[in-house]
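Given the coordinates of chain A, assemble chains B and C onto it according to the supplied hints.
Take a look at the letters that make up each chain.
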Amino acid sequence: MMPDLGKYSIYVLGAYGATLFLMAGLVLLTLRRGRAARAALKRIEEETARNGKG
Amino acid sequence: MIALLLRDLRLALRAGGGFGLGLAFFLILTVLVPFSVGPQSALLASIAPGVLWLGALLACLLSLDRLLALDYEDGTLDVLATAPLPLEAALAVKAIAHWITTGLPLVIAAPFLGVLLNLPPQGFGWLVLSLLLGTPALSMIGTFGAALTVGIKRGGLLLSLLVLPLYVPTLIFGAEAARRGAIGMELETPLLMLSGISLGSIALLPFAAAAALRMTIR
Amino acid sequence: MSLWEYANPVKFLALSARVQPVAWAAALTGIVVGLGWGFFGTPDDFRQGSTVKIIYIHVPAAWIAINAWIMMLIASLIWLVRRHHVSALAARAAAPVGLVMTVIGLLTGAIWGQPMWGTWWAWDPRLTSFLILFLFYLGYIALWEAIEDPDTAADLTSVLCLVGSVFALMSRYAVLFWSQGLHQGASLSLDKEENISDVFWIPLVISIAGFTLLFIALVLYRTGTEISLRRARALAVRLDKEL
Numbered sequence: 895m896m897p898d899l900g901k902y903s904i905y906v907l908g909a910y911g912a913t914l915f916l917m918a919g920l921v922l923l924t925l926r927r928g929r930a931a932r933a934a935l936k937r938i939e940e941e942t943a944r945n946g947k948g
Numbered sequence: 197m198i199a200l201l202l203r204d205l206r207l208a209l210r211a212g213g214g215f216g217l218g219l220a221f222f223l224i225l226t227v228l229v230p231f232s233v234g235p236q237s238a239l240l241a242s243i244a245p246g247v248l249w250l251g252a253l254l255a256c257l258l259s260l261d262r263l264l265a266l267d268y269e270d271g272t273l274d275v276l277a278t279a280p281l282p283l284e285a286a287l288a289v290k291a292i293a294h295w296i297t298t299g300l301p302l303v304i305a306a307p308f309l310g311v312l313l314n315l316p317p318q319g320f321g322w323l324v325l326s327l328l329l330g331t332p333a334l335s336m337i338g339t340f341g342a343a344l345t346v347g348i349k350r351g352g353l354l355l356s357l358l359v360l361p362l363y364v365p366t367l368i369f370g371a372e373a374a375r376r377g378a379i380g381m382e383l384e385t386p387l388l389m390l391s392g393i394s395l396g397s398i399a400l401l402p403f404a405a406a407a408a409l410r411m412t413i414r
Numbered sequence: 495m496s497l498w499e500y501a502n503p504v505k506f507l508a509l510s511a512r513v514q515p516v517a518w519a520a521a522l523t524g525i526v527v528g529l530g531w532g533f534f535g536t537p538d539d540f541r542q543g544s545t546v547k548i549i550y551i552h553v554p555a556a557w558i559a560i561n562a563w564i565m566m567l568i569a570s571l572i573w574l575v576r577r578h579h580v581s582a583l584a585a586r587a588a589a590p591v592g593l594v595m596t597v598i599g600l601l602t603g604a605i606w607g608q609p610m611w612g613t614w615w616a617w618d619p620r621l622t623s624f625l626i627l628f629l630f631y632l633g634y635i636a637l638w639e640a641i642e643d644p645d646t647a648a649d650l651t652s653v654l655c656l657v658g659s660v661f662a663l664m665s666r667y668a669v670l671f672w673s674q675g676l677h678q679g680a681s682l683s684l685d686k687e688e689n690i691s692d693v694f695w696i697p698l699v700i701s702i703a704g705f706t707l708l709f710i711a712l713v714l715y716r717t718g719t720e721i722s723l724r725r726a727r728a729l730a731v732r733l734d735k736e737l
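Sequence order for the protein chains is A, B and C. Position one of the first sequence corresponds to residue 895 (our numbering), numbered consecutively onward. Position one of the second sequence corresponds to residue 197 (our numbering), numbered consecutively onward. Position one of the third sequence corresponds to residue 495 (our numbering), numbered consecutively onward.
A couple of the hints might just be wrong.
[As the list claims (entries may be wrong)] DEER-style ranges, computed between Cβ atoms:
| no. | chain 1 | residue 1 | chain 2 | residue 2 | range |
| --- | --- | --- | --- | --- | --- |
| 1 | B | Arg410 | A | Arg937 | 35 to 43 Å |
| 2 | B | Glu284 | A | Gly919 | 41 to 49 Å |
| 3 | B | Ile304 | C | Val575 | 53 to 61 Å |
| 4 | C | Lys505 | A | Arg944 | 39 to 47 Å |
| 5 | B | Ser232 | A | Gly908 | 32 to 40 Å |
| 6 | B | Arg410 | C | Gly530 | 49 to 57 Å |
| 7 | C | Thr613 | B | Met197 | 52 to 60 Å |
| 8 | B | Leu202 | C | Tyr667 | 37 to 45 Å |
| 9 | B | Arg350 | A | Ala918 | 32 to 40 Å |
| 10 | A | Gly919 | B | Arg206 | 37 to 45 Å |
| 11 | A | Gly919 | C | Asp645 | 28 to 36 Å |
| 12 | C | Val575 | B | Arg206 | 36 to 44 Å |
[Stated by the list, open to error] Part of the chain C face toward chain A, derived, beta carbon under 7 Å:
| no. | residue |
| --- | --- |
| 13 | Ser544 |
| 14 | Thr545 |
| 15 | Lys547 |
| 16 | Ile551 |
| 17 | Trp557 |
| 18 | Ile598 |
| 19 | Leu601 |
| 20 | Ala604 |
| 21 | Pro609 |
| 22 | Leu712 |
| 23 | Leu723 |
| 24 | Leu729 |
[Unchecked claim] Far from chain A, by Cβ distances over 10 Å, these chain C residues were calculated:
| no. | residue |
| --- | --- |
| 25 | Val513 |
| 26 | Thr613 |
| 27 | Trp615 |
| 28 | Asp643 |
| 29 | Tyr667 |
| 30 | Ala726 |
Derived from the structure by calculation, the hints contain no laboratory data. Backbone N, C-alpha and C define an ideal beta-carbon position, used for all residues, glycine too.
Isolated chain A (complex conformation):
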């Protein structure tokens, strides 16, 4: 299954590892910030609706 990377295995694995780490980090941070922003918006929208009705 695992291909034989020969003497360069550490470089190839390092490149793939670093990339996956950075991309996963980017996606996770994006999602986390997005969820927080959407939750904050929802909260404040509800508050506005309540205030609007008195």
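Leaving out everything else, chains B and C in the frame of chain A:
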């Protein structure tokens, strides 16, 4: 326009205007270089054009955050923005004033500092010429950067972050011209490119700077 | 029905909600297939050995790094000319993605360069240009973060993006000239697109497609985030006044 230029020059020359600060910085930086790389004269001679160009560039950068900040705080910029003189012209004048008070002294000081760094004799003329052609671009690009960051509190560091990448082409062609001049190589191309950058910056960047400034003081 | 309809945040969000699931799924498939195929299913290059597998990351990342900036430039122009908020926010949303891709491009390039060129870094024109692009991304993002008023921030970053693009292009030519001047044409750069055989080419194209789709999905989602933040901000201001 002339009145504005004279006013800016007077303000810069007055005590506390920061005149001479860039020059002193340039001197100190040049003196520190041999301490950091060693006193071998051959090494110093080969890096002298690049070091002097970098020093001039950083000295130029040092005074940029004062370029518009003081006028912004006391409301002069609001007056300028509504004055009959187009804001583009006013900013070009400010860039010229910055060049006269910062760029020109650096150009004049550079050959003396070149002596400290063992610059080869044939390099002096070319160093001065390349700085003379390149420093106007540094002032104009810096004015644009100052216009972008003038509304930001403590924008000095940000200003450096924005302006330094924009300085890359000027530095490359300027230092390359000075380097080639010092070792007696053909240097027409970098000199022409350098002049092109300066002329292009002076022609176009006032518009970008004025646009940015209007966005801030709107 | 014109394209400008989507300048309306509500319409944009509705479209984005429909496109996003497809984009995320396709991006994941493209990246898994492209990188998986590249990693497990391609032979070693006779000259580069197994390091050739890094190409399936390096080239797509570099591709996105450049195109993200071009997309930001177009979005900035649209904002300056037509003043559609979605456009300005999309430019803001794309910048960090472009930054990360630039870092990935530089990093994988360095990791590939160490065994192949015997050095992590060389001042080769391509590498240097990417490093400069990295600096431009940093400045652009820092300017966004520094300005409080969102419209002013959008204005100023757009101007920076425009002027920065011109200077980035000039830097590219300056660097070509400068590095040539130093190395006399003894360039280390490897011409990637030429002489590449189909075995490597097909997974590479799939990977590029996957990265591009991931970029689209991320930018759509992040633009949605920025729209929510702006709306929340506006509502908060109004609430303060009413209370």
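Checked hints:
Between arginine 410(B) and arginine 937(A) the Cβ separation comes to about 37 Å, which falls inside the hinted range of 35 to 43 Å. Checking the proposed 41 to 49 Å range against glutamate 284(B) and glycine 919(A) shows it holds: the Cβ atoms sit about 44 Å from each other. For the hinted restraint 53 to 61 Å between isoleucine 304(B) and valine 575(C), the CB-CB distance of approximately 45 Å leaves it violated. Distance hint check: the CB atoms of lysine 505(C) and arginine 944(A) are about 28 Å apart, inconsistent with the given range 39 to 47 Å.
In this structure the supplied range 32 to 40 Å holds for serine 232(B) paired with glycine 908(A), their Cβ-Cβ distance being about 33 Å. Against the hinted window of 49 to 57 Å, the Cβ-Cβ separation of arginine 410(B) and glycine 530(C) comes to about 52 Å, which satisfies the hint. Against the hinted window of 52 to 60 Å, the Cβ-Cβ separation of threonine 613(C) and methionine 197(B) comes to about 53 Å, which satisfies the hint. Leucine 202(B) and tyrosine 667(C) have their C-beta atoms about 39 Å apart, which keeps the hinted 37 to 45 Å range intact.
The hinted window of 32 to 40 Å between arginine 350(B) and alanine 918(A) holds, with their beta carbons roughly 34 Å apart. With their beta carbons about 54 Å apart, glycine 919(A) and arginine 206(B) fall outside the hinted range of 37 to 45 Å. Judged by the Cβ atoms, the range 28 to 36 Å given for glycine 919(A) and aspartate 645(C) holds: they are separated by roughly 30 Å. Evaluation of the 36 to 44 Å hint for valine 575(C) and arginine 206(B) yields a pass: the beta carbon distance comes to about 41 Å.
Hint status for serine 544(C): holds, given a least beta-carbon distance of 4 Å to chain A, under 7 Å. The criterion of a C-beta within 7 Å of any C-beta in chain A is met by threonine 545(C), whose closest approach is roughly 5 Å, and the hint holds. Interface hint at lysine 547(C): satisfied, since its Cβ lies 5 Å from the closest Cβ of chain A, which is below the 7 Å cut-off. Because the smallest distance between the Cβ of isoleucine 551(C) and any Cβ of chain A comes to about 5 Å, under 7 Å, the interface hint for this residue holds.
Taken as an interface hint, tryptophan 557(C) does not check out: its beta carbon lies about 14 Å from the nearest beta carbon of chain A, beyond 7 Å. Interface hint status for isoleucine 598(C): upheld, as the beta-carbon distance to the closest one in chain A is roughly 5 Å, under 7 Å. The criterion of a C-beta within 7 Å of any C-beta in chain A is met by leucine 601(C), whose closest approach is roughly 6 Å, and the hint holds. The restraint placing alanine 604(C) at the interface with chain A is violated, with a minimum CB-CB distance near 9 Å, outside the 7 Å limit.
With 7 Å as the threshold, the beta carbon of proline 609(C) comes within range of chain A, its nearest partner Cβ sitting at about 5 Å, so the hint holds. A least Cβ separation of about 6 Å between leucine 712(C) and chain A falls short of the 7 Å threshold, and the interface hint therefore holds. Interface hint at leucine 723(C): satisfied, since its Cβ lies 5 Å from the closest Cβ of chain A, which is below the 7 Å cut-off. The criterion of a C-beta within 7 Å of any C-beta in chain A is met by leucine 729(C), whose closest approach is roughly 5 Å, and the hint holds.
Under the 10 Å C-beta cut-off, the non-interface status given to valine 513(C) relative to chain A holds; the minimum distance is some 16 Å. A cut-off of 10 Å between C-beta atoms confirms that threonine 613(C) is not in contact with chain A; the least separation is 13 Å. Residue placement check: tryptophan 615(C) keeps its beta carbon more than 10 Å from all beta carbons of chain A (closest about 15 Å). Every beta carbon of chain A lies more than 10 Å from that of aspartate 643(C), the smallest distance being close to 18 Å; the non-interface claim holds.
The beta carbon of tyrosine 667(C) sits about 30 Å from the closest Cβ of chain A, which is more than 10 Å, so the claim that it is off the interface holds. The beta carbon of alanine 726(C) is not kept farther than 10 Å from every beta carbon of chain A, the shortest such distance being approximately 4 Å.
Hint check: violations occur at hints 3, 4, 10, 17, 20, 30; the rest are consistent with the structure.
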